[in-house]
Amino acid sequence: DQQVKQNSPSLSVQEGRISILNCDYTNSMFDYFLWYKKYPAEGPTFLISISSIKDKNEDGRFTVFLNKSAKHLSLHIVPSQPGDSAVYFCAASNNAGNMLTFGGGTRLMVKP
Amino acid sequence: NAGVMQNPRHLVRRRGQEARLRCSPMKGHSHVYWYRQLPEEGLKFMVYLQKENIIDESGMPKERFSAEFPKEGPSILRIQQVVRGDSAAYFCASSPVVPGQGRYNEQFFGPGTRLTVL
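Residue numbers (our numbering), protein chains in the order written: chain F, 1 to 112; chain X, 1001 to 1118.
Next comes chain F alone, as it looks inside the complex:
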């Protein structure tokens, strides 16, 4: 049972345009959501997070939107840069916070 799903395994975007990565979850107990970025042969790097009491969090070029009623969140990157090319993982946690439940990842390719 996959509680966190990223339905797009890959996404290709032109440099300077907006990248939108999507994530759906099924567990209504999740109350904290995170996005991680991962390069090959490296560990995931924390990017941005959002608490369930908010619907938007912004940090520079990165914005995360949360729609609790739809159990959906998205990561917007604007403008996209070639260095953003990586695999992006959505992750979720409940109030106990011991573990993160990850989606399967979306590979983003930003073309120059």
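The set of hints was computed from the structure by calculation and includes no laboratory data.
Ideal Cβ placement from N, Cα and C applies to all residues, glycine included.
Treat the hints with care, since some could be wrong.
What the hints assert, rightly or not - With a cut-off of at most 30 angstroms between alpha-carbon atoms, the simulated DSS-like pairs for lysine-lysine come out as follows:
no., chain 1, residue 1, chain 2, residue 2
1, X, K1051, X, K1027
2, X, K1027, F, K37
3, X, K1051, X, K1062
4, F, K37, X, K1044
5, F, K68, X, K1044
6, F, K5, X, K1062
Said to hold, decoys possible - Examples of chain X residues lying across from chain F (beta carbon under 8 angstroms, computed):
no., residue
7, G1042
8, Y1048
9, F1065
10, F1109
Claimed, not checked - Each pair of labels, with its calculated beta carbon distance range:
no., chain 1, residue 1, chain 2, residue 2, range
11, X, H1029, F, A41, 19 to 29 angstroms
12, X, R1015, F, K54, 42 to 52 angstroms
13, X, I1054, F, K54, 46 to 56 angstroms
14, X, V1012, F, E42, 16 to 26 angstroms
15, F, S51, X, G1028, 39 to 49 angstroms
With chain F fixed as given, assemble chain X onto it according to the hints.
Coordinates of chain X only, in the frame set by chain F:
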């Protein structure tokens, strides 16, 4: 401030051997988590430890796998009698705060150990 350290980065074992994976958390972090990533999949939680205590091992296979985080030294993930299905990337993460408090759930990941079982 050094990040989370894992060694070895690559480990090759034959079926039936033992694999030992080490993780040193970031300085000041006393919470360690282990995750496994199978090829083309996301990371799956295995175990959460604090110093000398296993807090949550709900993601750990019941047999052959064990983890510890002693008072001194790194956290160890031990896999006995490895099988080909154990081949994966194993990531360790650490966090500075108790989950559920402050900037909770922000876990900092190490570079991983890639285990190959022949």
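request  = Just tell me: holds or violated, for the beta carbon distance of V1012 of chain X and E42 of chain F against 16 to 26 angstroms?
outcome  = holds (20 angstroms)
key: Range hint compliance [Cβ, I1054 of chain X to K54 of chain F, 46 to 56 angstroms]   = violated (33 angstroms)
key: Given hint K1027 of chain X paired with K1051 of chain X - CA-CA distance at most 30 angstroms   = Given that 30 angstroms is the threshold and the Cα spacing comes to 13 angstroms, the pair holds.
key: Per-residue hint verdict: F1065 of chain X, partner chain F, C-beta under 8 angstroms   = violated (16 angstroms)
task = Starting from the hint 19 to 29 angstroms, judge whether the C-beta atoms of H1029 of chain X and A41 of chain F obey it.
result = holds (23 angstroms)
Proposed proximity, K1044 of chain X with K68 of chain F (alpha carbon, max 30 angstroms) = holds (23 angstroms)
query = Taken at face value, is the distance from the CA of K1062 of chain X to the CA of K1051 of chain X at most 30 angstroms?
reply = holds (21 angstroms)
query = Holds or violated: are the alpha carbons of K5 of chain F and K1062 of chain X at most 30 angstroms from each other?
reply = Roughly 26 angstroms separates the two Cα atoms, so the pair holds.
task = Note whether the CB distance of R1015 of chain X and K54 of chain F lies within 42 to 52 angstroms or breaks it.
result = Hint holds: Cβ distance 49 angstroms, inside 42 to 52 angstroms.
ask   = If you draw a straight line from the CA of K1027 of chain X to the CA of K37 of chain F, is it 30 angstroms or shorter?
value = The hint holds at about 22 angstroms.
task = Please verify that hint: Y1048 of chain X, Cβ, nearest Cβ of chain F, below 8 angstroms or not.
result = For Y1048 of chain X, the interface hint holds, since the closest Cβ of chain F sits about 5 angstroms away, which is under 8 angstroms.
query = Is it true that the CA of K37 of chain F sits at most 30 angstroms from the CA of K1044 of chain X?
reply = holds (16 angstroms)
Figure legend: structure checked against the earlier numbered hints; hints not met, in rising order: 9, 13 and 15.
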